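As a plain string of letters, each chain reads:
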Amino acid sequence: MTGGRILRAWAWLAVASAVTTSLAFAGSHGRIVAAALLLLALIKSRVILSDYLGLRAVPPIRRGFMVALVIWAGVALALVLAAGQP
Amino acid sequence: MDDTRSLLDDLPGDLMIWVLIVSEVLVFGAGLWAFLAVRITDPSGFADSAALLHPVRAGLGTMVLVTSGALAALAALRNPAWLWGAAALGGVFLWLKWAEWGGLVAHGISTETHPFFTFYYLLTGFHAAHVAAAIPLLAIVALRRRAAEIEVTVAFWHMVDLVWVLLYPAIYLIGASA
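For the protein sequence lines, the chains are C and W, in the order given. Under my numbering, the letters of the first sequence match residues 3 to 88, in that order. Under my numbering, the letters of the second sequence match residues 22 to 199, in that order.
Hints listed in this document are in silico derivations from the structure and should not be mistaken for laboratory results. Take the hints with a grain of salt, since some may be wrong.
Claimed, not checked - Chain W regions said to be covered by chain C (calculated; three or more residues, Cβ under 8 Å):
no.: 1; region: 30 to 40
no.: 2; region: 49 to 61
no.: 3; region: 87 to 95
no.: 4; region: 151 to 161
Owing to the predicted nature of the structure, the values given are computational and were not obtained by experimental measurement. Even glycine gets a Cβ: it sits at the ideal position worked out from N, Cα and C.
Just chain C, same shape as in the assembly (with noise of 0.2 Å):
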């Protein structure tokens, strides 16, 4: 890990955060937008997981804790569209 890569993640986070806090202005909502928001959680956790935990150094368990969280995103997004639209 270098402070040039800390500092490229910090910069992804930012963006991946501010595009997340957009979607709160843009009115839309429903299914789509749900499965965006979970796509950035998922891309802000790889990030996390990569450059602030360190285990870009170690892949195998990077691969492991990112599938655990895409499963998690998947069955969340299974219970927002379960939700429906009125």
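Using the hints provided, position chain W relative to the given structure of chain C.
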């Protein structure tokens, strides 16, 4: 040659902090699933409740937390003095949360107002408790300046970050959808 070496030996830091990280992510992940499951019973009620929150202020909290995480990572890499910055931003995050809760309480919104708020207070409160617990730890390891202690404490701090990037969209944004 040590033929007993496993993948776990390559994990940065102490194995037990990773056990803690995994368990915390599992607990919060299950809590968010429960939130989304109960939302099925009353999507419009959840949306109406979430409309009383301030997603932009919470989004600002996200920026504060990930910036704090960057400072903590730099502290572990280069200079423990950055831990003071990380701790200070953690304090800013808690101040934002306190302001948010205070606003809701002032309007008479409690855990019993609606199931949304039961989950909201529980999950954001539990997360904030982790932030509050970690801040003095950051200060202590900043003073002691022992690399192993800094590494473990910073890993805990990153876990707090990780949980928040899952929690924020689920409660503040998806919860607002109907």
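(message) Hints numbered earlier in the text: which of these fail when held up against the supplied structure?
(response) 4
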